[in-house]
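Asks: Letter by letter, the chains look like this.
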Amino acid sequence: MEESNDFGNSPFMEFVYSVHENMVKNDIMLIYEGEVNQDITKTFTSLTQKNLDEEESSLPIKKRVYHVMVECLQNIGKHSDNAESGKPEIPGTGIFMVSKSTDGYFVVTGNPVANSRIDEITEMIETVNQMDKDEIKAYYKKKILESRISDKGGAGLGFIDIVKKTGNKIDFHFRKINDIASFFIMKTYIN
Amino acid sequence: MEALLIEATDDTPKVVLDPANNNFEFSGKSLPEDVTTFYGPVMDWLDQYAESPNDKTVVKFNLVYFNTASSKLILDILFKLEEIHDEGHDISVEWHYQEEDEDMEEAGEEYGELVEMPLVLKSYE
Numbered sequence: 000m001e002e003s004n005d006f007g008n009s010p011f012m013e014f015v016y017s018v019h020e021n022m023v024k025n026d027i028m029l030i031y032e033g034e035v036n037q038d039i040t041k042t043f044t045s046l047t048q049k050n051l052d053e054e055e056s057s058l059p060i061k062k063r064v065y066h067v068m069v070e071c072l073q074n075i076g077k078h079s080d081n082a083e084s085g086k087p088e089i090p091g092t093g094i095f096m097v098s099k100s101t102d103g104y105f106v107v108t109g110n111p112v113a114n115s116r117i118d119e120i121t122e123m124i125e126t127v128n129q130m131d132k133d134e135i136k137a138y139y140k141k142k143i144l145e146s147r148i149s150d151k152g153g154a155g156l157g158f159i160d161i162v163k164k165t166g167n168k169i170d171f172h173f174r175k176i177n178d179i180a181s182f183f184i185m186k187t188y189i190n
Numbered sequence: 000m001e002a003l004l005i006e007a008t009d010d011t012p013k014v015v016l017d018p019a020n021n022n023f024e025f026s027g028k029s030l031p032e033d034v035t036t037f038y039g040p041v042m043d044w045l046d047q048y049a050e051s052p053n054d055k056t057v058v059k060f061n062l063v064y065f066n067t068a069s070s071k072l073i074l075d076i077l078f079k080l081e082e083i084h085d086e087g088h089d090i091s092v093e094w095h096y097q098e099e100d101e102d103m104e105e106a107g108e109e110y111g112e113l114v115e116m117p118l119v120l121k122s123y124e
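Taken in sequence, the protein lines are chains D and F. Residue numbers for the first sequence follow numbering that gives the first Met the number 0, so the first one is 0 and each next one is one higher. Residue numbers for the second sequence follow numbering that gives the first Met the number 0, so the first one is 0 and each next one is one higher.
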């Protein structure tokens, strides 16, 4: 009995409760931390699609959430680096979250990337963030023509497509882990 | 020429390239982990088909979703069809989309602007 009382008062139990409380408070539909492979991508997208079918009536919004989820999950899976070595790690590991707001949805991801890639990623996102609708359309067409499928299997169009489809800027931040890598956090809003 | 038939999966589209029945169609979802492996046989098949296409070819795209890597491969397919068209053959594309799906409509319009061959948008309810 003593044992179970200790267990009941343990910091871990409090942690579980606070996770629950925070998830409810922030309207989090899905949260995951771990390896992101193709099976995870398929499972989460179809799960979210099912949830959205029940509560969201706008087809374009449903499809945009789906779209952004796939791009974000495949980003983690294909473009993460190891936090200790800074070398590419496939499938990558990271955090993935979908939450609801009053009039839209947030898709948030976080994964380690080598510090040497920070400038390149920043430039890619800032380039598309400052474009208006027509500019991004033109930029997309230019880039899809130039694009080559990389060894990682990407077309290099993910950020462009997210901004183009959602019409919103990508929020992002690099949180330093050590001298080799940072945790790249990216937040997309779909409304 | 032998048909290329690929059944749909959770992350790859159904592909029908069947000259004997004059049926050419891509339908469903496309978000494969490795687009090059999936679309490789399609591109090879089209290379061969280009050598002796049917008198009239209508290629239907009826996709509900595709990721950015697939969007590049779809463009590659369209360029291949454009080559056949440039050789003087009667070939066209039908881009089908659900009426409410404005993004899929826009994608069709954009492909239409990128390739120089007949590409018709067709909505369904």
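Because the hints were derived from the structure by calculation, they are not lab data. Possibly wrong hints are sitting among the right ones.
[As the list claims (entries may be wrong)] Straight-line distance between alpha carbons at most 27 angstroms, and here's what the computed DSSO-like set of lysine-lysine pairs gives: (1) Lys49/D with Lys140/D; (2) Lys141/D with Lys55/F; (3) Lys140/D with Lys79/F; (4) Lys141/D with Lys121/F.
Asks: If a hint holds in the structure, say so; if it does not, say that too.
Replies: Taking the hints in turn, this is what the structure says about them:
1. Lys49/D with Lys140/D: Violated - the C-alpha atoms of Lys140/D and Lys49/D are around 32 angstroms apart, more than 27 angstroms.
2. Lys141/D with Lys55/F: Judged against 27 angstroms, a Cα distance of about 31 angstroms means the pair is violated.
3. Lys140/D with Lys79/F: holds, 18 angstroms
4. Lys141/D with Lys121/F: holds, 25 angstroms
The structure fails to meet hints 1 and 2 from the earlier list, while all remaining hints are met.
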